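Got chain A sorted already, so can you dock chain B onto it with the hints?
Residue-level listing of the chains:
2 protein chains.
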Amino acid sequence: MANETFGLLCIGNELLSGKVAETNLAYWIQEFKKLGRRVTVAIMAPDERSLLVDTIRFIRQNCDILLMSGGIGPTHDDFTLPVLAEALNKPLVRYPELVEAIEGYYGENTNSHLLSMADLPEGTELLYWDQLLVPLFRVEQIYVFPGAPNLLRKKFSLLAKDLSSIPNYVHKIYTTFDEGVIAGPMEQIEQRFPGVYVGSYPRYDPGADYRVLVTMESKDKELLQRAYENLMTQDFQSGVLRVNSEEPKPVSTDS
Amino acid sequence: MANETFGLLCIGNELLSGKVAETNLAYWIQEFKKLGRRVTVAIMAPDERSLLVDTIRFIRQNCDILLMSGGIGPTHDDFTLPVLAEALNKPLVRYPELVEAIEGYYGENTNSHLLSMADLPEGTELLYWDQLLVPLFRVEQIYVFPGAPNLLRKKFSLLAKDLSSIPNYVHKIYTTFDEGVIAGPMEQIEQRFPGVYVGSYPRYDPGADYRVLVTMESKDKELLQRAYENLMTQDFQSGVLRVNSEEPKPVSTDS
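Just so you know, the protein sequences line up as chains A and B, in that order.
Each residue of the first sequence is one higher than the one before, starting from 1467 at the first, in my numbering.
Each residue of the second sequence is one higher than the one before, starting from 1467 at the first, in my numbering.
Accuracy of the hints is not assured; some may be wrong.
The list treats identical chains as one, so a pair stands whether inside a single copy or across any two.
[As the list claims (entries may be wrong)] Mimicking EDC-like on lysine to aspartate or glutamate, the simulated pairs with C-alpha atoms at most 16 angstroms apart in a straight line are:
#: 1; residue 1: Lys1620; residue 2: Asp1530
#: 2; residue 1: Lys1485; residue 2: Glu1713
#: 3; residue 1: Lys1485; residue 2: Glu1712
#: 4; residue 1: Lys1685; residue 2: Asp1520
#: 5; residue 1: Lys1500; residue 2: Glu1569
#: 6; residue 1: Lys1685; residue 2: Glu1656
#: 7; residue 1: Lys1485; residue 2: Glu1552
#: 8; residue 1: Lys1687; residue 2: Glu1713
#: 9; residue 1: Lys1638; residue 2: Asp1585
#: 10; residue 1: Lys1485; residue 2: Asp1530
#: 11; residue 1: Lys1638; residue 2: Glu1713
#: 12; residue 1: Lys1627; residue 2: Glu1713
#: 13; residue 1: Lys1499; residue 2: Glu1713
#: 14; residue 1: Lys1485; residue 2: Asp1596
#: 15; residue 1: Lys1638; residue 2: Glu1563
Hints were generated in silico from the structure; no laboratory data involved.
It should be emphasised that the depicted structure is a prediction, and the values quoted were computed from it without experimental measurement.
Just chain A, same shape as in the assembly (with noise of 0.2 angstroms):
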């Protein structure tokens, strides 16, 4: 997993009527950085079946891994499970040892709505359940999460120690310009460093010291420190008040 692309995808109607504020977005966004990635693209989508489908595949044709919460309790909103085989066109198909846990943890109370939580798409894996209650699902290069951020966050973290990182060196860079006048000069250096990716945003609190904040980012320190200092010798260190550097951070595994 060195150069993938990720998308994310968090479900559910409470989440765009703004009954529950979402949190998972932005909490894996924060875990990817860790891991020095970032996300391709991330999206709320309601409990709409056909939509959802859409948007499966509208991820999959721009990402490689996809990463998806909510929808796979057993109530009449949650047909995660369903959609992403229909998204797949792979058939659904019970599993016996889910039956088994479902049996086991419910006892007689056991219905065909929670008996339904045991059907998943042909093909998915189970892991991590030695040490879950719950497995993570894998099908493809899609991983199913559940929406509460507790359990989420127990099962990401699982999986982030699989996921290698790749560290990313940063130069942020506080600089008196308006953002216009520095623009062209910014642009040179993307296009002469191939690798490393500059950014600019603008401060608009009149409060603050600075009015537009430069960042320089790269996997490769060399070519980071090349650029910055090509930048730093045209007219641009007149207006820099300071410069803060990013080394990469070492990868969180507790949640």
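Here is chain B on its own, set in the frame of chain A:
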């Protein structure tokens, strides 16, 4: 604007890399909640032209109205407006009134990067310019906002006054049931009372006094009451701890 569906798109690598925490989606979702409306889909996407074109088209296929933010500044990673022109198959047109405003503001510092902010998809309307330094852009049913949260909020508060409010009535029912056990009754209510939406939210915190929060909501107060009474006459009531009812809230127009 009575029954339209809304899609949201926030653009910026910094959101997906975790460098900047995304706050505009959560803001918009809460504002739409105050208006009694639900957002259909909400997406964070990076500064990548072809992916943005595809994302805009994907949202347009599923929503009547699109609100998008970010990427409208003068730098090399700002190309929301050209991308929008491409997604809509419209040419970019230079707006003389915007050129005049840019030259008036920047004087002798005006350059080609700054002037590119005056190039809009053909047919774009400039809204609320008498009340704003930079107008809100609308083209077809797409509204284009800046990414900076304070500017976005100021512009949205003007637009919100023109969106008619549809009240939403809600019952929140806190129960001691397991979610699987009440899946059947909840499904029946949605089938028998079209226009009433039932949601269920398990509480995983062991400190909570309830196990599942059931929500019922509708824009039709009487219909909601009939559905509520129907649910309560089943065996359901034995597991209900308490019920909170919400009346529609007035629309907030402050920012």
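- Item | Copy assignment of Lys1638 with Asp1585, given that the CA separation must stay at most 16 angstroms | For Lys1638 and Asp1585, the Cα distance exceeds 16 angstroms both inside one copy (49 angstroms) and across copies (30 angstroms).
- Task: Pop the pair Lys1638 and Glu1713 into one bin, within, between, both or neither, using alpha-carbon distances up to 16 angstroms.
- Result: within (12 angstroms within a copy, 48 angstroms between copies)
- Query: For Lys1485 vs Asp1530, is the C-alpha pair at or below 16 angstroms within one copy, between two copies, both, or neither?
  - Reply: This pair counts as neither: shortest intra-copy Cα distance 31 angstroms, inter-copy 22 angstroms.
- Query: Is it within, between, both, or neither for Lys1685 and Glu1656, if the alpha carbons may be no more than 16 angstroms apart?
  - Reply: Within. Shortest intra-copy distance 14 angstroms satisfies the 16 angstroms Cα cut-off; inter-copy 52 angstroms does not.
- Message: My question is about Lys1485 and Asp1596: at a cut-off of 16 angstroms on alpha-carbon distance, are they close within one copy, between copies, both, or neither?
- Response: neither (34 angstroms within a copy, 35 angstroms between copies)
- Under a CA distance limit of 16 angstroms, which applies to Lys1620 and Asp1530: within one copy, between copies, both, or neither? So Lys1620 and Asp1530 fail the 16 angstroms test inside a copy (23 angstroms) and across (38 angstroms) alike.
- Message: Regarding Lys1685 and Asp1520, is the shortest C-alpha distance of 16 angstroms or less found within a copy, between copies, in both, or in neither?
- Response: neither (34 angstroms within a copy, 28 angstroms between copies)
- With 16 angstroms as the alpha-carbon cut-off, assign the pair Lys1638 and Glu1563 to within, between, both or neither. Neither way: Lys1638 and Glu1563 sit 51 angstroms apart in one copy and 36 angstroms across, limit 16 angstroms.
- How would you label the pair Lys1485, Glu1552 (within, between, both, or neither) given a Cα cut-off of 16 angstroms? neither (28 angstroms within a copy, 35 angstroms between copies)
- Task: Please work out whether the CA atoms of Lys1485 and Glu1713 approach to 16 angstroms or closer within one copy, between two copies, in both situations, or in neither?
- Result: Between. Shortest inter-copy distance 14 angstroms satisfies the 16 angstroms Cα cut-off; intra-copy 39 angstroms does not.
- Identical-chain pair category, Lys1687 with Glu1713, by Cα at 16 angstroms: within (9 angstroms within a copy, 57 angstroms between copies)
- Go through the copies and call it for Lys1500 and Glu1569: within, between, both or neither, with a Cα cutoff of 16 angstroms. neither (39 angstroms within a copy, 43 angstroms between copies)
When held up to the earlier numbered hints, the structure conflicts with 1, 4, 5, 7, 9, 10, 12, 14 and 15 and fits the remainder.
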